[in-house]
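Numbering (this note's numbering), first residue to last: 169 to 533.
Hints are supplied without guarantee of correctness; some may be wrong.
[To be verified] Straight line, CA to CA, 35 Å or less: simulated DSBU-like cross-link-like pairs of lysine-lysine:
id, residue 1, residue 2
1, K501, K429
2, K223, K301
3, K348, K476
[As the list claims (entries may be wrong)] Ranges of calculated distance between the beta carbons of each label pair, as one might list FRET restraints:
id, residue 1, residue 2, range
4, Y440, L250, 13 to 23 Å
5, R249, H221, 20 to 30 Å
6, Q238, R498, 55 to 65 Å
7, R258, K348, 30 to 40 Å
8, R251, R425, 38 to 48 Å
9, C508, E263, 21 to 31 Å
10, L250, E292, 29 to 39 Å
11, P443, L230, 32 to 42 Å
12, H441, Q238, 37 to 47 Å
13, E303, L264, 22 to 32 Å
14, E480, E349, 37 to 47 Å
Simulated from the structure, these hints should not be mistaken for lab results. Since this is a predicted model, take the numbers as computed values, not measurements. Where is the CB? At the ideal position from N, CA and C, for every residue including glycine.
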Amino acid sequence: MEEELAIFTSTSHTVHKKQRFHDDVDLQRAQSIQDYKSPDIENHTYLFGKLDHLKQKKGCLLQEQDCLRQEKASLRQEKDRLRQKEDRLRQKEAELVREIRALKPGRRGLKHEDIVNPDWEEVEADLAEAGFKVEQKVFRLNTSFLLRDKEDDHEVGERLLYCRKDFHKQWRFLEEDVCKEGYLGYIVGPPGTGKTLTTMAFMLSICKEGWSVMVVRLWVYRSVGLLEIVEGKQRTCKIRLNVALRSMEAILDEWTRKSKKKLLLFADGYHYHIPLHMELLRECCAWREQDQSNRRLVVATSLGSRGKIYREEDTEMKVKEHHVYSWTLRECKEAVGYDCLYHSVTGVMEITDQPSVNVSIRDYQ
169 MEEELAIFTS
179 TSHTVHKKQR
189 FHDDVDLQRA
199 QSIQDYKSPD
209 IENHTYLFGK
219 LDHLKQKKGC
229 LLQEQDCLRQ
239 EKASLRQEKD
249 RLRQKEDRLR
259 QKEAELVREI
269 RALKPGRRGL
279 KHEDIVNPDW
289 EEVEADLAEA
299 GFKVEQKVFR
309 LNTSFLLRDK
319 EDDHEVGERL
329 LYCRKDFHKQ
339 WRFLEEDVCK
349 EGYLGYIVGP
359 PGTGKTLTTM
369 AFMLSICKEG
379 WSVMVVRLWV
389 YRSVGLLEIV
399 EGKQRTCKIR
409 LNVALRSMEA
419 ILDEWTRKSK
429 KKLLLFADGY
439 HYHIPLHMEL
449 LRECCAWREQ
459 DQSNRRLVVA
469 TSLGSRGKIY
479 REEDTEMKVK
489 EHHVYSWTLR
499 ECKEAVGYDC
509 LYHSVTGVME
519 ITDQPSVNVS
529 IRDYQ
């Protein structure tokens, strides 16, 4: 009996010990599993939080995209509205132009006696002296072709022009693009760059080849100067701008009937912000459009541009621009290197008449 009790006690102790062992093992396993899963759970929570943040950000971006689409639609509507307004203004401008043209001579608006005949002064055109000299580095022309008052010009009788690179570029533009190709030429550049003188030199040269030329010299406050050269005869006159506008069609028609050859019209000093200048240029363009095979038109302006540009209209009228740039110091030094040019400007460019401090442009370095 004691032996059976001892065996039972030993067996019970072994069972309890084994149970405690399994409990310890389960506890350690649960602890290790908890320790193993803890970082993953935190990482998982972080990722879900970041995903929610990205979803919110995506929602904000979608709302912003919708706002931009609405703004784009409103801008498109505004653009359409402005385009319609521009079309209405163009139609109104066209109506005003038709009304103005209806009031001009020759268009059943004014009576024939309202046309003003300019008081022309006619002389023989001195074309023999006009031309290149010193290996095409200098061009000589008479100042009577420049439509300037004698008191305004220190070189009465003769003007010498240095043929720098821009001179030859403008010459080729007039010869190739305007005269041969028939483009409506615009010469754009600052004052004093030689736009007028170069164009006049070219016009005098083609007069020797049988062309007939006319210059319409526009000013802001002064009267319009007119110059025409036909068959070796030179005619000049001055006329008020508003009078010139009324009579320009008749003046151009008279010049065209007399010449019966290739014609080149030069509108110099054009300012697009002066309404009368714009109207007079329209007259010149209308004259050119009547016979584009024999009539040429070139316009010079000292402003930065020729005004608002309409591409379709430029393409239809064959408009082409040429830009002239200011003189460089090197070109000035090269010009005064020629004695004839130096002596022609030395009286103007000297700083003082005192011999002790007399400095000229040739001495300047």
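Going through the hints against the structure:
1. K501 - K429: violated (42 Å)
2. K223 - K301: Status violated; Cα separation ~82 Å.
3. K348 - K476: Given pair K348, K476 holds - Cα atoms ~27 Å apart, limit 35 Å.
4. Y440 - L250: 13 to 23 Å: holds (22 Å)
5. R249 - H221: 20 to 30 Å: For H221 against R249, whose Cβ atoms are near 42 Å apart, the range 20 to 30 Å is violated.
6. Q238 - R498: 55 to 65 Å: About 58 Å separates the Cβ atoms of Q238 and R498, which means 55 to 65 Å holds.
7. R258 - K348: 30 to 40 Å: holds (33 Å)
8. R251 - R425: 38 to 48 Å: holds (44 Å)
9. C508 - E263: 21 to 31 Å: violated (56 Å)
10. L250 - E292: 29 to 39 Å: violated (57 Å)
11. P443 - L230: 32 to 42 Å: With Cβ atoms ~53 Å apart, the hint is violated.
12. H441 - Q238: 37 to 47 Å: Cβ of H441 to Cβ of Q238: about 39 Å, so the range 37 to 47 Å holds.
13. E303 - L264: 22 to 32 Å: Given about 53 Å between the Cβ atoms, the range is violated.
14. E480 - E349: 37 to 47 Å: This hint is violated: roughly 20 Å between Cβ atoms.
Hint compliance for this structure: hints 1, 2, 5, 9, 10, 11, 13, 14 are broken, all remaining hints hold.
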